[in-house]
Amino acid sequence: MEDLKHAAWILAGILVAFFVVMTMVAYTVLAERRVLGFIQGRLGPNRVGPGGFLQPLADLIKFIFKEDIVPDKSTRFVYFLAPVIATTAALMTIVVYPFGPEIHLPFINKTVQLVIARFDIALLYVLGVTSVGVYGVALAGWSSNNKYSLMGGLRSSAQMISYELALGLALIGVILQSGTLDLYSIVEQQAGHLGISGWNIIWAQELGFVIYLISAIAETNRVPFDLPEAETELVAGFHTEYSAMKFALFFLAEYVNMFTVSMLATTLFLGGWNGPFVHQLPWLGVFYFLGKVILFLFLYIWLRGTLPRFRFDQLMSFGWKFLVPAAIINIVITATLQWSPLFDYVSTFLKTPTGLWG
Amino acid sequence: MTAVLFILFAGFAVGCAISMIAQRNPLYSAISLIGVFVSLACLYVMLAAPFIAAVQVIIYAGAIMVLVVFVIMLLNVEQEERVPTRLRSLIPIAIGLAAILFAEAAFIIFFVHTSPSTPTGNTSDVGLTSSIGAGLFTSYLLPFEITSLLLLMAIVGAMTLARSGGLLPQSAVVVPGYQVLAKDVLDPHAAPDLTPVVAHTTVEVERLLGLENAPHLRDKG
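First to last, the protein sequences are chains E and F.
Taking my numbering as reference, the numbering of the first sequence is continuous, increasing by one, and the terminal residue is 1049.
Taking my numbering as reference, the numbering of the second sequence is continuous, increasing by one, and the terminal residue is 702.
Worth flagging that the hints you see were computed from the coordinates, not collected in a lab.
Some hints here could point you the wrong way.
[Stated by the list, open to error] Simulated restraints on C-beta separations:
| # | chain 1 | residue 1 | chain 2 | residue 2 | range |
| --- | --- | --- | --- | --- | --- |
| 1 | F | F625 | E | K838 | 42 to 50 Å |
| 2 | E | E758 | F | F625 | 54 to 62 Å |
| 3 | E | F771 | F | F625 | 39 to 47 Å |
| 4 | F | R505 | E | D763 | 16 to 24 Å |
[What the hints assert, rightly or not] A few chain F positions that, by computed beta-carbon distances, are all more than 10 Å from chain E:
| # | residue |
| --- | --- |
| 5 | V547 |
| 6 | I581 |
| 7 | V684 |
Bear in mind the structure is a predicted one, so any value in this text is a computation, not a measurement.
Ideal Cβ positions, reconstructed from N, Cα and C, are used throughout, including at glycine.
Please model the entire structure based on the sequences and the hints provided.
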């Protein structure tokens, strides 16, 4: 009975998180189109509903009712499997992110931690699931029986594998500093004065943060690293042959991936739900968390409106010859600081569990 | 609950393993192998070894199998033709090994059933990340270092093997859209001289290769 109750709680949590993430993803797409419009001196979609507010719904209906074209001589089973893998891998990581502190639910009189699944290896789980996501792209490119798709798929998977390395190495600094892979504990350790002074980005992880941010943008195949979708060279890259709902799934996977890497950046570097007065009003934490995530999503859109695209050889040499060595230097710096007694002193001062107004 | 999950994951693992052997298309075999790795990872989680499960997915499913899939995709291996006579001599050995495996499994099932004390689950911390890390850097430090040295040697070896033959000098710049040809492509006697010849247009490449007067040798693409 207790088992079933626990499972029901987790299922409810997953449903809520799924709904919230899906809604936010839909409105990220709308925000992207509106903000890009603003950057480029035009309006963007503003006809469906007030200010274009119902545009995501209209897009969804369009995707559902479009004709689903399966290319002749495609490898059928793999062609169907690829978008499923991409979407599943993107959505699976949502459950481990802590989006708020321990709160007291008013009506059922229960105190819960606002994280769906809390376990020992949460960070490794994220890395593992993300690495499986590469198959969606690679198999989509291969199974379409189209050389542009194949080139796009190969490029994309090569890029994702290369930058996954830099991304993983950038995270090691944070792991060294917090001594755990459990995301909830990592966030808890970042409490400090005003809920800000303990953030990892403020104390010793600046380089790690920059490396993580760059490799995360490359990992999600976004501008300026959107080589797989270089229109002028590859039509639309790995999803050239996909239409209707299957294309929508790839589209969804891309935006959910953006969302999850933003959540990871928030959790590891920007203190997760920590912020001023969280201890007095725990619900504030949820808004701090979502606010920081939205900040990252805005950065993504801003970059897309600003930067041109890399060339493929530039992309590869940047990843392997600059980011990976920089990440290794970051590990050495963090390890040296961990070992020095002065760091210990300052760190205890900055990271007092509750701090001033924490 | 646990039994249901075990049957689910174990069944998936066995199904994927059979499909891996039975498939004719090498890519389908590779996908089935990924399925086996993922369901094994789920089983490791159930055995209270989450670290091993994560590493299984990250390394086997996420890195090694990606390379395998890459190779299959790049070589574009067609469906292998059915060759019944190949490796026929190994069939008796395979049957023998399978018999031994089944005997072992039967022995274990029998042994566990008759054993008076069954170990209680979830009390050990052997599978946790911290205990594995502590073990690696204290009691098993020497094997750990030797393994890392071995891996480093493998990396250097792979680099050396991949670069032999097509080694370009430090000054060579490879830019997409340009042709860079080693001198020995044009003149076999200049083989040790690896200074590249850079051509900027197709016409120049044709002239360098001596193809101007041989239109039948041109790439039709």
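Hints, one by one, checked against the model:
{"no.": "1", "hint": "F625(F) / K838(E): 42 to 50 Å", "in the structure": "holds (45 Å)"}
{"no.": "2", "hint": "E758(E) / F625(F): 54 to 62 Å", "in the structure": "holds (57 Å)"}
{"no.": "3", "hint": "F771(E) / F625(F): 39 to 47 Å", "in the structure": "holds (43 Å)"}
{"no.": "4", "hint": "R505(F) / D763(E): 16 to 24 Å", "in the structure": "holds (21 Å)"}
{"no.": "5", "hint": "V547", "in the structure": "violated (6 Å)"}
{"no.": "6", "hint": "I581", "in the structure": "holds (33 Å)"}
{"no.": "7", "hint": "V684", "in the structure": "holds (23 Å)"}
In terms of the numbered hints stated before, the structure departs from hint 5 and from no other.
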